[in-house]
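Protein chains in written order, with my numbering: chain A, 147 to 517; chain B, 147 to 517; chain C, 147 to 517; chain D, 147 to 517.
Calculated directly from the structure, the hints in this document are not laboratory data. One or more of the hints may lead you astray.
A pair counts as met if it fits within one copy or between any two copies, since identical chains are not told apart.
Unchecked claim - Below, a list of computed lysine to any residue pairs in the SDA-like style, where the Cα atoms sit at most 20 Å apart:
hint, residue 1, residue 2
1, Lys-244, Ile-286
2, Lys-328, Gly-343
3, Lys-360, Ala-386
4, Lys-318, Asn-477
4 protein chains.
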Amino acid sequence: MPRLTFGRDIVASKPCAALGLRRAPACPRVAPGRAEQQPRKHLEPVHVAQAPLSSSTTTNGTHSAPAPVASTSSRDASEAAAASALSANLLLICPDQKGVIAAVSQLLYGFGCNIVASDQFTDSSSGMFFQRITFDFSEIVIGPGNTAVLERAIAELANRFNMKWKIAYKNKVKRMAVLVSKQDHCLYDLLIRLRSGELRCEIPFIISNHPDLKHIADTFNVPFVHLPLDKNNKEAQEEALEKLIKEEKIDVVILARYMQIFTQGFCERHWEHTINIHHSFLPAFEGARPYHRAHERGVKIIGATAHFATAELDAGPIIDQAVARITHRDNVEDMIRKGRDLERMVLARAVRWHLDDRVMVYNNKTVVFED
Amino acid sequence: MPRLTFGRDIVASKPCAALGLRRAPACPRVAPGRAEQQPRKHLEPVHVAQAPLSSSTTTNGTHSAPAPVASTSSRDASEAAAASALSANLLLICPDQKGVIAAVSQLLYGFGCNIVASDQFTDSSSGMFFQRITFDFSEIVIGPGNTAVLERAIAELANRFNMKWKIAYKNKVKRMAVLVSKQDHCLYDLLIRLRSGELRCEIPFIISNHPDLKHIADTFNVPFVHLPLDKNNKEAQEEALEKLIKEEKIDVVILARYMQIFTQGFCERHWEHTINIHHSFLPAFEGARPYHRAHERGVKIIGATAHFATAELDAGPIIDQAVARITHRDNVEDMIRKGRDLERMVLARAVRWHLDDRVMVYNNKTVVFED
Amino acid sequence: MPRLTFGRDIVASKPCAALGLRRAPACPRVAPGRAEQQPRKHLEPVHVAQAPLSSSTTTNGTHSAPAPVASTSSRDASEAAAASALSANLLLICPDQKGVIAAVSQLLYGFGCNIVASDQFTDSSSGMFFQRITFDFSEIVIGPGNTAVLERAIAELANRFNMKWKIAYKNKVKRMAVLVSKQDHCLYDLLIRLRSGELRCEIPFIISNHPDLKHIADTFNVPFVHLPLDKNNKEAQEEALEKLIKEEKIDVVILARYMQIFTQGFCERHWEHTINIHHSFLPAFEGARPYHRAHERGVKIIGATAHFATAELDAGPIIDQAVARITHRDNVEDMIRKGRDLERMVLARAVRWHLDDRVMVYNNKTVVFED
Amino acid sequence: MPRLTFGRDIVASKPCAALGLRRAPACPRVAPGRAEQQPRKHLEPVHVAQAPLSSSTTTNGTHSAPAPVASTSSRDASEAAAASALSANLLLICPDQKGVIAAVSQLLYGFGCNIVASDQFTDSSSGMFFQRITFDFSEIVIGPGNTAVLERAIAELANRFNMKWKIAYKNKVKRMAVLVSKQDHCLYDLLIRLRSGELRCEIPFIISNHPDLKHIADTFNVPFVHLPLDKNNKEAQEEALEKLIKEEKIDVVILARYMQIFTQGFCERHWEHTINIHHSFLPAFEGARPYHRAHERGVKIIGATAHFATAELDAGPIIDQAVARITHRDNVEDMIRKGRDLERMVLARAVRWHLDDRVMVYNNKTVVFED
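Take the sequences, apply the hints, and build the full model.
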């Protein structure tokens, strides 16, 4: 039986927040201290975001009590049971090299963990290796309360393989803020899917620059925060939003047809956990009024795209897309109507996958381990 | 029973070739003599193309003997029988107005024709009315050999309603030139569909700037014309092509991954009957290497677009589009492979519809009465 | 200009309720008195349903005041405006014959009506002709308050062509009862689409055999009627339902995952205006637990089917179907989750088409003139 | 570094041919000698098929010289290069248990092999674990000519985990027999894809009970074997087929619209490597004339299904399915035409996946690790 020993020093490789590896243009430079480390092929180190996105990892070996799950549908009782069990998702990115899979699976096996699911991908163009492992640690040999020791071992191994990693415990339910404007269909859809148990998260509040959709928030008993926006208060409004994200320990931000553009600074701080739905098949019809322009061009398909909201408009990593056939009979209103179905389905899939730690980003593209 | 009488003069409204109504930018000016006619709402007169595209209309009341149908599959015997019957497609475009449908259907009924199928569309944004009528004239009261009289009546009526029209007799099989380069999949596909009876046309020859695909032409017993192309002979090569189109009375030109750009003059003369297949969902990834750019952008769908080949690259009226889902696992080669299926299906549909007079063009968009 | 004269007697051909032409096995025999009429090719006469489904036609030339439209979204203001205009849908079925189109369009033109849209289909296997005409009668020569005269003319013409017909005025909003059990996704979806203006109807109440979904009805301010069902009260419960349908002048009944089977008598009285959603691609997996059986069989696609609820279980005329790809990774719960999206989209499309008079039934199959 | 030692006896767990684990009803009993082995949970031992399907595994450590690849398109040069490299696919099925992944990846790593791709699946309903590993053994520590030693180690490990396994070396090109009747579209499609390099196999001959498609075989320079079939010679014809399969060392049999039913014995011997294309979305419309029955039922989608040809008609494990929307306008001939595109695409995908060792069978269902 192989044994693994751990070195004394395990500070070198910290878990990264959202495991996003950024392109140079849209990203801040890395802290100078880290630049002196060994050179990394195609890989820029990632700073830990200031928003409390790393709350899923523990620093003292004890878990914070999991928040109550907002989705309580009885039909997902078995899934909920599985989720409350002691399992976690481990995400990895590293340069492709012999022995990675063996080392990781051996480590988990050595600790007495059981790999429940595993998905992996080697990108031949960049030479990078991506893996998502779901493992059960209820029989972990060091006791399930001591996952910090497991994390130290992973950090050690990550250091050896020049690996970025992230661990997400399933009993830590993510907190999701939904931002809307006046369109209601995506908001309705997310709330209904939350109720039905399709989305594992809490929604502490809905934010809007308009008061129009408050009645929906009321209907579903979710607090509604009205942050009005005009030409003169853009910065102040964004600060208020930033404060809410921080204070309420928001993990994920959903732009459910919010239709506003953030400052570059906000995008750079939050894009890794901010998902936008755009109502076209990108990269066609970026920007405003895509259905009008699609009608003008005479296309025979319309689409919708869920993507991370980087600073460059509608140019962030694409998570999912869908399209529908149209004909000459469809005018702009028909496109808008048919597009609503696309938008809510695509957004829901992207949100579900992100909440379930299935989306990894590299070179402004996503690796999505679909369920 | 209403009766229709015909005026003496029927020269005013000529049948137009491909019934394309052009946008100003991409189109040649109209001959000055016609500009003095009554003003037409949103409607630019269309000159009759010099290529023999109007050969489906008769000028002296007698039909040229139909060419032998190239598609001879027994499985389409019944369809072939229907096609050889005395039927025709009548296409109309005019400003929307009361009484058009009644007048046209009454005219055909008055002549003893039977409307077999009819499809129509009113474009509310432009106020134009489009109709495609398939009618059987085997019991026409003036005798099936005298359709010229019917055409004169239609011309009269067209004059009254400011109508563009075109008639295509089903026993006149269209002649289609296929242009290829080195990619074989679309060529194979068209030839197999022709053999199976899916496409009603003759293919008198295949043209290529490379000799690579001659073996396929040989396989299917179609003459292969090699028109080499280099920096210095572009004009001469296009002239040779033009000459072939004219001498062989070509009705339709298919760019089956021909990958060459024609001169503006050629496009302006031929776009209405020239169909190109582009390997992306336009307007995304116009121009060269769309799969490479799709891979670079990280899209989750790829597509193909069949469109009329106007002078502006990949900006002509779109006839059909299709897409397929891809994932991060698909590299450029996978996209190319999966795209081949899209390209050949989309091109085949567009060709079939065009051959069956189902595609009308207005404002750089198509009205497609699908089968 | 042709003129039409009307005969004195216009009782022969009544407008039929839902324009359904039934198969022998699932249908009641026709009243003997009508059997003495002239023989009809392939066509069984249809009795007028006892439920108030013909309320869209007037008998004395005056319109009942239209009920307030339940869908009030501002985004559909223009469509609502169009709907309140004086327009109507005319549906026709008759044996295919020369001159029908000319006669009908001439009749409407003669009255000063404008044909806004027209769709037609000739079924070569049965020899029947189907047409749906949308016309504007705001400039009708007899005055828009006298459509009864128009109807008499249509009845006359219908008699001549052995035609079944139905007219639906757009300012008469249909009343739709929604029946549910414990599943909420289709109910939510219909209510949200109603609010957004996608569905033109009123929902006077929601009926369920269980109290579980009352909170949704409350949320959307729709009365909730609980009609409990057990082994011993099946007939009484159905009578209560029947009474509600009659008293509330219900035009359309939607089984939004109601999961109960009606008596044969109820189906025979109501199938023409009762739409069920079945969670499989019929005819595969008729009856109970289709997802479980699909999983057991190892299919690679799942589907949903909207159909009219005839007496034979899941065998009624199919209005629409949709499918989604699945893989070996999808267990029954995943199928149920993914299927919910199919069910609500397919049901919504079928309901929308039916409300917009786009669905005709013949030989247990539908002709759907899609929008 | 962990070390693996090999026991002396490695006969217990033989590689299975196609890794199919059969349902009881359709399968022959297992040879008695093996029943005395240790009991296996949910797992019936699989006998090695008599057809030379296990030729991809070696028994003496030397590889037979790989046959020349029939697909020679230059566009797949890089893929061809990869294929000729020293890589292999390892397929595994075993009861789910801790440590399997670690043990297998450790074994390959210990030998100096590099895991290029890995896909896995745990079926929670049966408790079985499935894995497909592609590994490069060009740097194997024992030398690439000695893979027999690696196979002994795998057999040892398989014994420990009660594992079924199969190894397929990429330089061993599979030999595929194509059986056809009179329909040509699937045959054309397979041959064109072979030429384009999409399918990695050799086609030594095409077999038909009719002479009609010989011209296609001639076109592509593939021998054509005419095995006429009538009421009286069914057994003899099947024997001739069986002899061909054996003598020509056929690995895969494709029924490309062969339309004939084999005897139960033939199916039981060959179903694991025999793929049929059925022209409906199974389980709907099993058996004859599915398009006619689909038209009769009035469905709104048609489909095609590729499946293994077990003894029960159209009930074998489904590999892939696809559908297309149709409308009331599509008559049976239209369905047949549109269905041809579905049939050839679905069959091509299934064949490609099977040739690339991506399909595993368990409980009459497939696990397909799609590319």
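Going down the list of hints, with the structure as the test:
1. Lys-244 with Ile-286: between (27 Å within a copy, 12 Å between copies)
2. Lys-328 with Gly-343: between (25 Å within a copy, 15 Å between copies)
3. Lys-360 with Ala-386: within (18 Å within a copy, 38 Å between copies)
4. Lys-318 with Asn-477: Answer is neither; intra-copy 46 Å and inter-copy 25 Å both fail.
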